[in-house]
Structures are given as C-alpha cells and as structure tokens.
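*Asks:* Single-letter residue listing:
There are 2 protein chains.
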Amino acid sequence: MLSPADLKTRIRQGQHRGHTTGFAPGLVQGNVVILPAQFADEFSLYCQRNPKPCPLLARSEAGDPRLSMLGTDIDIRCDVPRYRVFRDGLLVDEPSDISDLWRGDLVTFVLGCSFAFEEALQADGLEVRHISLRRNVSMYRTMIETVPAGRFRGPMVVTMRPFKPADAIRAIQITSRYPQVHGAPIHFGDPAAIGIADIARPEFGDPVPIAPGEVPVFWACGVTSQIAIEAARPDFCITHAPGCMLITDLSNSRLSVI
Amino acid sequence: MLSPADLKTRIRQGQHRGHTTGFAPGLVQGNVVILPAQFADEFSLYCQRNPKPCPLLARSEAGDPRLSMLGTDIDIRCDVPRYRVFRDGLLVDEPSDISDLWRGDLVTFVLGCSFAFEEALQADGLEVRHISLRRNVSMYRTMIETVPAGRFRGPMVVTMRPFKPADAIRAIQITSRYPQVHGAPIHFGDPAAIGIADIARPEFGDPVPIAPGEVPVFWACGVTSQIAIEAARPDFCITHAPGCMLITDLSNSRLSVI
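Chains as they are written, first to last, in our numbering: chain A, 1 to 258; chain B, 1001 to 1258.
In short, the hints are calculated from the structure, not lab data.
Hints may contain errors.
[As the list claims (entries may be wrong)] Straight-line C-alpha distance at most 25 Å; calculated SDA-like pairs for lysine to any residue:
#1 A/Lys164 with B/Phe1236
#2 B/Lys1052 with A/Val147
#3 A/Lys164 with A/Ala5
#4 A/Lys52 with A/Arg103
#5 A/Lys52 with B/Gln1122
#6 B/Lys1164 with B/Gln1038
#7 A/Lys52 with A/Pro212
#8 A/Lys52 with A/Val147
#9 A/Lys164 with B/Ala1037
#10 B/Lys1052 with A/Ile174
#11 A/Lys52 with B/Ala1166
#12 A/Lys52 with A/Arg201
#13 B/Lys1164 with A/Ala200
#14 A/Lys52 with A/Ser3
#15 B/Lys1052 with A/Gln173
#16 B/Lys1164 with A/Arg84
#17 A/Lys52 with A/Gly14
#18 B/Lys1052 with B/Glu1127
#19 A/Lys164 with B/Pro1155
#20 A/Lys164 with B/Glu1214
#21 B/Lys1164 with A/Pro191
#22 B/Lys1052 with A/Gly213
#23 B/Lys1052 with B/Ile1174
#24 A/Lys52 with B/Arg1177
#25 B/Lys1052 with B/Pro1212
#26 B/Lys1164 with A/Arg233
#27 A/Lys164 with B/Pro1191
#28 A/Lys164 with A/Arg233
#29 B/Lys1052 with B/Ala1037
From a predicted model like this one, the values you see are computed outputs, not experimental measurements.
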C-alpha cells in the first residue's frame, strides 16, 4: 500500500490514473466538478438546495487551482488521477492533467463522497456488500426530483446497500454523523416507492445481491450532480472520471459531526 | 391542564389514580418496580444486561422511599397514581398508596419510559399513530431472548409504531439520542423475522393500523421487565399500574445524549 504522500505524488505525475477506492484510507476523497464562472453561482445554489446528493465540501475562487480548505498543496489541474472533459455536453477527453485546459474563469467544486461513511460502517463491523464483492456500488435514478437552481435540475440518483434491519438501523445511526458525505439514507425497503422499477438492474454501477432477510437501503448519490450538469448543458465542464477521486488532507473522522 | 406541581400533589393525595399519558409534558416519567432486597441485585444485573428494554434510571437504597436522583421530594410510597401489588406472582391489589405495605428491605427501581422519545418525535413533526388515535401502543412478545440474570429471564417485548420509510429514518435518528428510554429501534419491517405471528393482534395494548407505504418499526419495551419478574416469581413485588407512571423532576431533554 502506497503512503498517501507517495500516492499523491504518483497521481500528480500521471503515474496513477486508476480509481482511488481503498487508497489513502482515513483521508477524505471528493467528487470534482469544474465549471465556467457563468455557471458557478447556479451550481453552487443547486448544491446548497440539495445537500444530501450534493454536499459541497469546497468551492475555489475563479481561476485559482488551489483548494486550501482541503489541503495545503492541492493543484486541481493535476491532482485528480483521471479527468473527464466535456464540451457542449459531450465527453471529449479523459486526460490525467488539465493544465493546458485551465482558464481564468474556471471554478472548482468538491463534493463529499461516500467512501468516508463506508469506512465508518466497516470500522463498526458492518459488511458493505459491494466492497466485499469487489464491485461498484449499485446506483439508480429515482422519481424524487431535486430542487432546481437556474439551469441545474433533474432526478435524484441513489446508491443501494443491502442490510439486515438491525444493521440498517446501525447504518442509519453511523451515516447520520456524516452530513457532508450524503448523511442518513433517504429511503429503505420498497424500491418502487422511489421509482426504481428493477432493483436487480442498476442504471449505473454493478448489480449487488440482496440476501433473504435483508432490505435495500438507499442513500443520495453524487451522480445526481452529473445528471443536473447534463440538464444545464454548460459549454465546457471538467469532472473527475468515475471512482478517480481527489484525495484531500482531511481525515474522514473530521467529517463526523458527533 | 394541571401544573406539574398540582398534578404531583393530587397524585400524592390519591386524587389522581388514572394514567399519566400527556400529563406533565416535558418531564421524564418512569416505570416503577419495587422488589425485596434478596431479588434486587439480580434484577439490577438483569437491567444492566438488557439496557434497551430495561433502561435503569434509578435504584434506591433498601428501605429508603426517596429517589433523590429523580426529584427532590419523591416518596415512592405515595407518588405513583396507582400501584399493582403482587404476592407469589399473583396480582392482589391496586392501591393508590403503599405506605402500609412498606418494608425496610424494599428496593425501588425506576426504568425509562417511551413517553420522552414520543414527545421528541412529535416535536419533530412526526405522527405517532397510537397517540393520534388515542389508543395504547401495540406491544408484542418476540422470539428475541433477553440475557438472563439469576432468576430473571424471558423474551423481549417490543412496541410498534408505523412510519413511512423516510419518517422511520428520522425516528431512528431521534430515538438514538435517548438511550435511557429504549433508544433506537431494534427492528423494522417483517414482523415474522422477530417472531411476531400477526401484527394486527398485539399481545398487549391496542391494535394500531399500518397504512400502505408504511413499515412497522419496533422498539424494545419496558414490559419485558414484567415478563422477567413473572419468571423470577418473587414472593412480593409492587409495580406501577400500566400507564400510571412516576413523574420525576427531570426534563425529557436532559435524557438526550446529543
């Protein structure tokens, strides 16, 4: 296992272009959205109005690649393993460095990621099924509409983790401590009640089996912001590639409010 | 509405012999168990081993009718609206004063009661169905065995309150703050998973309807202690009559750990 410092160096040098799940345990990882300033205030408002799917950890000044509230030495132009570059809503590139694309009007947003609460669930002895199975978490588009802000709008996307009811109660307690990484679930049980037609066929990620006696528990998911960005159709946008997160200097336990 | 002081005076004088639900809002009410000293250590251990159904708020010294940790002027011989007196396991009387039965070897136990967390649920805007319907809460014997202590043993009894999943999640958060009044639920959903054959037919209390889209949520219940006392068969025992609780000087909010 690489030390966090070595991992960050490798990422910055373009030598680690893969996902960051399980890397740098204990440190907060974040979803990254970079937008032109003319979209920044609306997106900021969208996050503020939808804190469960879009918990805003940090927003940079326009043109400033640093994020001093998340780390002393972050340069958002090279500290994400792999980026996605969108022009007029179309994915045009997946570079490991965006220095040549940087502009004075770009604003960086970092949203909380569920890795922090999953680490807390596992530390408590709960099994997080998709991690045990080495799969991606199951994600579903729901019929729950987020609160729009300007051009940003759309349905809430959720992740699903199956638990026995007693473990689900414990998981609700633990994740409630982490409002900045989606917090408590928004639903459990009947998938149809939130507009999920077939629990066995997630729209994003991998299928995760639900054992007899378990119930699906649903948390708000950061992919919600991607759907809202698709709706807003900014002419230019950069995000992290799925699973390839920004690693911060903050410890996960610092996100716990209790 | 009587002031708490007037209510306490009326109870002490035997003029209020009924239940205390909804009286003295904001003040902690307690379940009362009075046992001979030769049973006290075992019962105390039983409560300690089963804190969710039997959260011990206070234990008196043998023969001492005061409970200074719960109120400055409590006399347990006359401050409960109605008592139940058991001899060799049989209910023999329901007096409003037990001064003439008092003995130097009697030890008083006061266990937390769910009124405190129900008040917190309602203050948050959640509907507590049995209260809306002016019924007693539904209670069920489960197949969950408590941890025995000496002669005290038996199944856990639970209360049931129906909620929509999102409200159930909120109710789990709120009741988690109140470990001294049963705390978080122990189960939700499938009643059969904890040995409840027919949710429509509670073993104690009243039936409470579950609406479409709601799930039953189950909390550990203080009646568990009564089942354990039946198993122990003390030659002498006094309890409060159902719903006729001891009113303390403590505020409900003082029970909240967060």
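*Asks:* For the pair we were handed, lysine 1052 of chain B and glycine 213 of chain A, check the Cα-Cα distance against 25 Å.
*Replies:* holds (22 Å)
*Asks:* Between the alpha carbons of lysine 52 of chain A and glutamine 1122 of chain B, is the straight-line distance 25 Å or under?
*Replies:* Satisfied, since the Cα-Cα distance of roughly 24 Å is no more than 25 Å.
*Asks:* Is lysine 164 of chain A close enough to glutamate 1214 of chain B, meaning Cα to Cα at most 25 Å?
*Replies:* holds (18 Å)
*Asks:* Could you grab the alpha-carbon distance between lysine 1052 of chain B and valine 147 of chain A and see if it respects the 25 Å cut-off?
*Replies:* violated (39 Å)
*Asks:* Need the status of pair lysine 52 of chain A, alanine 1166 of chain B: alpha-carbon distance at most 25 Å?
*Replies:* holds (13 Å)
*Asks:* Taken at face value, is the distance from the CA of alanine 200 of chain A to the CA of lysine 1164 of chain B at most 25 Å?
*Replies:* Given pair lysine 1164 of chain B, alanine 200 of chain A holds - Cα atoms ~23 Å apart, limit 25 Å.
*Asks:* Going straight from one Cα to the other, do lysine 52 of chain A and serine 3 of chain A come out at no more than 25 Å?
*Replies:* Violated: lysine 52 of chain A and serine 3 of chain A sit about 31 Å apart, past 25 Å.
*Asks:* Take the C-alpha atoms of lysine 1164 of chain B and arginine 233 of chain A, compute the straight-line distance between them, and say whether it is at most 25 Å.
*Replies:* It is violated: about 36 Å lies between the C-alpha atoms, which goes past 25 Å.
*Asks:* Decide if the proposed pair is consistent with the structure: lysine 1164 of chain B and proline 191 of chain A, CA atoms, cutoff 25 Å inclusive.
*Replies:* Holds, at about 13 Å.
*Asks:* Need the status of pair lysine 1052 of chain B, isoleucine 174 of chain A: alpha-carbon distance at most 25 Å?
*Replies:* Between lysine 1052 of chain B and isoleucine 174 of chain A the Cα gap is close to 18 Å, so the pair holds against 25 Å.
*Asks:* Could you grab the alpha-carbon distance between lysine 52 of chain A and arginine 103 of chain A and see if it respects the 25 Å cut-off?
*Replies:* At roughly 30 Å apart (the allowed maximum being 25 Å), arginine 103 of chain A and lysine 52 of chain A break the hint.
*Asks:* What's the verdict on lysine 164 of chain A and proline 1191 of chain B, does the C-alpha distance respect the 25 Å limit or exceed it?
*Replies:* Measuring from Cα to Cα gives roughly 13 Å; hence the hint holds.
Of the numbered hints listed earlier, those contradicted by the structure are 1, 2, 3, 4, 6, 7, 9, 14, 16, 17, 25, 26, 28.
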